[in-house]
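Participant: Letter by letter, the chains look like this.
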Amino acid sequence: MGFYMAKAKKKTKNKVMKPGKDITSSKAKSIHNKLIKVVEQKISKLTLDFSNVENIDAVGLGLIIAANNSLNRNDADLILKNVPDKINNLFSSLRLDQCIKILPA
Amino acid sequence: MADQSSDSILENRTMELSTFYLGKALCGMDILKIQEINKDIKMTEVPQSPDYVMGILNLRGQIVTTIDLGKKLGLSSSELDDNSRNIIVNSKDEYIGLLVDSIGDVIKAEKSKIEQAPANVGEMQGKYFDGVYKLEDNLVGILNLEEVLNIEE
Amino acid sequence: MSIQDDETLQMYVEESLEHLADIENDFLAIEEAGANIDEDLVNKVYRAAHSIKGGAGFMGLTKIKDLTHEMENILGKIRSKEMIPNPEIINILLGASDLLQRLINDVDSSNDMDISQQLDALKTISEAPDQEPPSIETLQKTPEIKDDKDMGSGESDLLSPGIKSLAFPDGKFAINVSEDLISEASGDGKSIYIVEIDLIHELQAKEKNLFAFIDDLNNTGSILEARIKEDAPGNLLEDGIPEHLAFLILFASILKPNDINMLFEIDPENIYFLMEDLTLSNLDEAMIEKQQEPDEEIIETQIQTEAIIDQPEVIAPQMVSVEKDTGPTKETSPAAAATVESSLRVHVRLLDSLMNLAGELVLSRNQLLQAISSDDQRVFEVASQRIDMITSELQEAIMLTRMQPIGNVFNKFPRVVRDLARNLGKEIELILEGKEVELDKTIIEAISDPLTHLVRNSVDHGIEEPRIRQKNGKLTTGTVLLKAYHEAGQVIIEISDDGNGIDGRKLADSAIDKGLITKEQATNMTENEKIQLIFMPGFSTAEKLTDVSGRGVGMDVVKTNLDKLGGVVDIKSQVGEGSRFRIKLPLTLAIIPSQIIAVGKERYAIPQVNMEELLRIPADKIKERIEKVGDADVVRLRGNLLPLIRLADVIGIERTFMNHKEEQEDDRRKNIADRRSRQNINIQEDENQSDQTSSLQHLSRNPKDRRYHAASAINIVVVSNGILKYGLIVDQLLDSEEIVVKPLGRNLKHCQGYAGATIMGDGKVALILDVPGLARMAQLTSIEGKSKSTIETQGGAKGHDDLQSLLIFRNSEEEQFSVPLGLVSRIEKIAHNDIEELGSKMVMKYRGETLPLVCINDVADVHPLAKTESHLVIVFNLAGKEIGLLATSPLDAMTLTAKFDDSTLKQPGILGSAIINDHTTLMVDIFGLVEIVNPDWFADREVVKDSGGEASSILYAEDSTFFRNQVKGFMEDDGYKVIEAEDGLIAWDLLEKHSDKISLIVTDIEMPNMDGFDLSAKIKKDDRFSHLPIIALTTLASEEDTAKGKALGIDDYLIKLDREKLRDSIYKHLQSK
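Chains as they are written, first to last, in this note's numbering: chain A, 45 to 149; chain B, -1 to 151; chain C, 5 to 1077.
It is worth saying that the hints were derived from the structure and are not from the lab.
The C-beta atom is built at its ideal place from N, Cα and C for all residues, glycine as well.
A couple of the hints might just be wrong.
Unchecked claim - Sample of chain A residues lacking proximity to chain C, with all beta carbon distances greater than 12 Å (derived):
hint, residue
1, N58
2, V60
3, G64
4, S88
5, S95
6, N113
7, D119
8, D121
9, I123
10, K125
11, N126
12, R139
13, K145
14, L147
Said to hold, decoys possible - For lysine to any residue, the following SDA-like pairs were computed, each having C-alpha atoms within a straight-line distance of at most 25 Å:
hint, chain 1, residue 1, chain 2, residue 2
15, A, K57, C, E242
16, B, K40, C, P747
17, A, K130, C, K475
18, C, K475, A, D66
19, B, K37, C, S368
20, A, K145, C, I167
21, C, K563, B, D91
22, A, K86, C, I245
23, A, K130, C, P91
24, C, K487, C, K1048
25, A, K145, C, D219
26, C, K768, B, I32
27, B, K40, C, M764
28, A, K130, C, N213
29, C, K127, C, G99
30, A, K130, C, R231
Turn these sequences into a full structure, and let the hints steer you where they fit.
Facilitator: Put into structure tokens, the structure is as follows:
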């Protein structure tokens, strides 16, 4: 299970990605690769659709934060949408919502 | 109150024995193991208890099981009379009373002179004794308390 | 703002705390009741709040007044049913009452406390009852800005007012936070920390789950703020997969600096403590500081014997709190933060007794002094004996003052479980049993923490989430059972749950990983031993993190604590089923209420818990009430036969009886009857008392008893242990007393009939009887075939499938018969001439009515009834009518396992045969017999038809061929179709195969492969079959089993071979579908 790219128009510089069930250390390499590719594309907004996400661990969290930092450095934004409650609670406990825009499910 | 630690015995050359009679046999026990000696032998019978158990009594709030020492060692039942005494010992956190026919003197025994107990001491099995000690005109069988109080399963 | 003088204030505080004592549990009960509002209960809480409010206004305690005013508002609305109490509302009320308690405990500073948050929460509810009241969490996120607190230095220009910038000891910026959050937290008595934690390094690498970690934090405190430490490495995607993720977390918690690292398990250098002046300090400095704070809540209690003797007026009519200072003396149950509680509630009765003893001691001392001066030996002895006795009693009495009911500890658990369950999203029901069991105070305090740990463990790790439970076929609500009870000088506390159990293999693997055991050791361990690994020190799986309850607890600490008390703990667990932790505390000070009786010259005690009734049968009624069955005695009690045991016989002492003295005994007992009424014991006295006096005149003194001498009345104590019920014949009934259980020494441990000993008031020892032990002792004599035999009552057969109580008798002199004793109503004796013929039937006159009679040979092909002068009549009650079966002696009653052969010798009226006492014995089918003779008796129950219009099919599981054939026969005779199975597993298969046809299940309990309980549970869990009624047939009839069965969903519990009840039950359950 990995990412599958939603159809993104090349004209606008927005990208939507829908990660799979696990954003965890076991999937770290593959997620990292895909994210790096997107960051290098110099888009202006990356939206991660969390509808299918069930699990996230510290490494996964690190990836998201790193992605956010990288995007911010390029004046881009990271948005998380359809975030399930359990994960949303985690994010808000850690005040992640103060640096990344989060739209709950 | 008797001091229960056995270390002190090892250090001294002598030990004090409290002696008592079971029938005609003279036995002795390390005085340090004795809690007290009671004259009061009134106790509550426990029906259906083993035949050597005479009953239970109240010693300052503790239940003391009293056994007929002679009987436990294989002699016939003791007869209760004015000379009978109950020697209270503490074994494994429990108070047990040993009923004996009468109390003898306290003697100082030199440890080096304590000999190994023979297979039989009087009419009792040697396993109950730690050793024997020769007096001028008598032999004292020194009791192995734990062995005596051991319950055969 | 004047606060009234100290004394008035003190009284107010005490009263208010009393009011608040039950409030927590009351709120929980209100929540339980939900829409079903219990007005009285709500009123109770309302009145409590109202009283507190009133006093507060008078005393000038503004905050208390405001808070209770709002609480009152809401309670008023609930009381008038304008508002339905839901968990949100109750949560806020609970929070308010917690705060209220804190305010009252610290009443002098209560006016300075900030209660704005609670107040707002309460106001919001009472003003808008239809809206979802805001939860505490959201409120925390929007702090109000207060201007009456000046929060120190160092505000950055860029920050909005009210936001404080916190810096590390080295000056570097740490985190920004709202002042109010801080003051709120410290107002709550929480410690505030900044924790620098690398989530990837600490959690990931140590295999800790991120969610679990955050949950733990939220459970043990609150995250006030958090931010990512920006200068930490690995924050750019370009740097590769992150290896570090450093967070700064501002965390408020009740955990003290000493304990905070239990939660994080990181280098303590990375934890900073927020001081009063809002500077951060290192953790070890904070620990030293904290220790210097005196604990204000320790209040000393001393019982001064002088004071008691000199000032008897101290004692008030009701309960009295013993105090030294004027501090509050209410004993609050130890809260999670473990405030040391050092005061006691002591019953006035006990204080009276202490006073008396002290008085006696004084007298004896005087006597002693006199003896010394007069050198009188005799007086010496008397005095010293007295002092000896008094000292013992004094010792006991003082120890009793320290006894507290374990309910004090148990009572805090409903709240703990409720809150924890809510936080974890689980549904849990907590059952508490045995709250009244008393323990020494120090023990109660010492087990509080271990118990808390175990309960939290069950909730946290035992019970699964509702979703998972449902998937596994369990009820979504998990059950945690906390039970305390006595068992012969020990107190047992059980914590059990029906969760997912403990997996020994996983524990073993984890232990191997941690290097605690080797692989070889693990392979040699049994499953049980592996489960015990959980107690190994150093064992920290994910378990440890979540189970912090304040004082550094892990399973190994639980065990150590218990070891210190001299207790043991063992675990029984089954993966998927649940776990049971059992703590045994070997106390010699277990106190039980008991009934004292006398036999011979000794007294004995029977634990109250085993007592059912007291019977006294006057001399002239003995013939009527006491029946003889062979050599065994039974008494008729409300239609059933109760076996009797003479205590004297069982324990082998000479029988004696009381004659003259009974005259006095009677009088005493009448008083005792009055006193006992509060303990629910009935004394039955038969009607004609006057006869006694006349019969007593015919006494003759007998040292040995002759059976039922006309002049003696019989005293019977009806005892039971749940399964077994019988009557114990004793010489005298004495008082009921609370006794201290002392264990018997090892020499006496094997005596079956005793559960311990106790010391009576006069210093003498009395043995405590063990009810099941006595029965076993008596029964042993019967199985050995001696002249005595004892019987167990109906349905009371112990645990084996084939163990039955049978009545053995003859018809002709040569043939022996048997019938289940449980079906027998009574036994009469009649002369041959008393039998009358009515048409073709035989009858006899009995108490003005006609009792129909029948002989076995009327129906079965057996030798005819012996032609003796007198006959025995075994009376049964069938179909609501009585019928007597004629029989011939010898008559005996036995409990035994007998293999009945149901093929040879079977015929109408006879179920089968067995060899009993070397005789071929035919088992009488009394139902069949009566049916043939009086077919119209049994109401023709029509067969309940199933949906297909055919006779319903019943699935019947039973492993014993004999019973299976019998009961199957009954059901088929009634017109049903029976699908039979030898075992639970086979029954299940058949159920699946024929699911469309089967309408009802009848099952035995004891079966190999899968027993009745498991089968029933399986059926009820399965949606396809859960609607089917289940009837269990058994020889086990203890309340525990019935309760267990009912809990599993068994619809009815019957005794085997009770054909009528079975028929009725089947009909009822099929009809009601």
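Participant: Next, verify each hint and record whether it holds.
Facilitator: Hints and how they fare:
In this structure N58 of chain A is separated from chain C by more than 12 Å, as the shortest Cβ-Cβ distance comes to about 18 Å. For V60 of chain A, the shortest C-beta to C-beta distance to chain C comes to about 18 Å, beyond the 12 Å cut-off, and the non-interface label holds. With a minimum CB-CB distance of about 17 Å to chain C, G64 of chain A clears the 12 Å threshold, and the non-interface call stands. Against chain C, the non-interface label of S88 of chain A holds: every CB pair exceeds 12 Å, the least being about 16 Å.
Non-interface call for S95 of chain A relative to chain C: holds, since the shortest CB-CB distance, roughly 19 Å, exceeds 12 Å. Distance check on N113 of chain A: its Cβ comes as close as 5 Å (rounded) to a Cβ of chain C, failing to clear the 12 Å threshold; non-interface status is violated. Remark: the non-interface label on D119 of chain A is consistent with the geometry, its nearest Cβ contact in chain C lying 15 Å away (cut-off 12 Å). Once the 12 Å rule is applied to beta carbons, D121 of chain A is consistent with being away from chain C; the minimum gap is 15 Å.
Look at I123 of chain A: its CB is around 16 Å from the nearest CB on chain C, clear of 12 Å, so calling it non-interface holds up. No beta-carbon of chain C is positioned within 12 Å of the beta-carbon of K125 of chain A; the least distance is around 20 Å. No beta-carbon of chain C is positioned within 12 Å of the beta-carbon of N126 of chain A; the least distance is around 18 Å. Its beta-carbon lying about 4 Å from the closest one in chain C, R139 of chain A breaks the requirement of being farther than 12 Å from that chain.
For K145 of chain A, the condition that its CB be more than 12 Å from all CB atoms of chain C holds, with the nearest at approximately 16 Å. Annotated as non-interface, L147 of chain A keeps its C-beta farther than 12 Å from every C-beta of chain C; the closest such distance is 18 Å. Restraint check: the Cα-Cα separation between K57 of chain A and E242 of chain C comes to about 20 Å, which is no more than 25 Å; the hinted pair holds. For the given pair, K40 of chain B sits about 20 Å from P747 of chain C by alpha-carbon distance, which is consistent with the 25 Å threshold.
The suggested pairing of K130 of chain A with K475 of chain C holds, with an alpha-carbon distance near 20 Å, which does not exceed 25 Å. Proposed proximity of K475 of chain C and D66 of chain A is supported: the alpha carbons are some 22 Å apart, at most 25 Å. A threshold of 25 Å between alpha carbons decides the hint, and for K37 of chain B with S368 of chain C the separation of about 22 Å falls inside it, so the pair holds. Only pairs whose Cα atoms come within 25 Å are accepted, and K145 of chain A paired with I167 of chain C is accepted, the gap being roughly 23 Å.
Restraint check: the Cα-Cα separation between K563 of chain C and D91 of chain B comes to about 22 Å, which is no more than 25 Å; the hinted pair holds. About 20 Å separates the Cα atoms of K86 of chain A and I245 of chain C, which keeps this hinted pair within 25 Å; it holds. Under the criterion of a C-alpha separation no larger than 25 Å, the hint pairing K130 of chain A with P91 of chain C is consistent with the structure, at around 21 Å. Restraint check: the Cα-Cα separation between K487 of chain C and K1048 of chain C comes to about 15 Å, which is no more than 25 Å; the hinted pair holds.
For the suggested pair K145 of chain A and D219 of chain C, the alpha carbons sit about 23 Å apart, so the restraint of at most 25 Å is met. At roughly 23 Å between alpha-carbon atoms, K768 of chain C and I32 of chain B fall within 25 Å of each other, so this suggested pair holds. Distance check on the hinted pair: K40 of chain B and M764 of chain C sit about 15 Å apart at the alpha-carbon level, within 25 Å; holds. Our distance criterion of 25 Å between C-alpha atoms is met by K130 of chain A and N213 of chain C, whose separation comes to about 13 Å.
The straight-line distance between the Cα atoms of K127 of chain C and G99 of chain C is roughly 14 Å, inside the 25 Å bound, and the hint therefore holds. Using a Cα cut-off of 25 Å, the hinted pair K130 of chain A and R231 of chain C holds, with the two alpha carbons roughly 19 Å apart.
Hint compliance for this structure: hints 6 and 12 are not met, and every other hint is.
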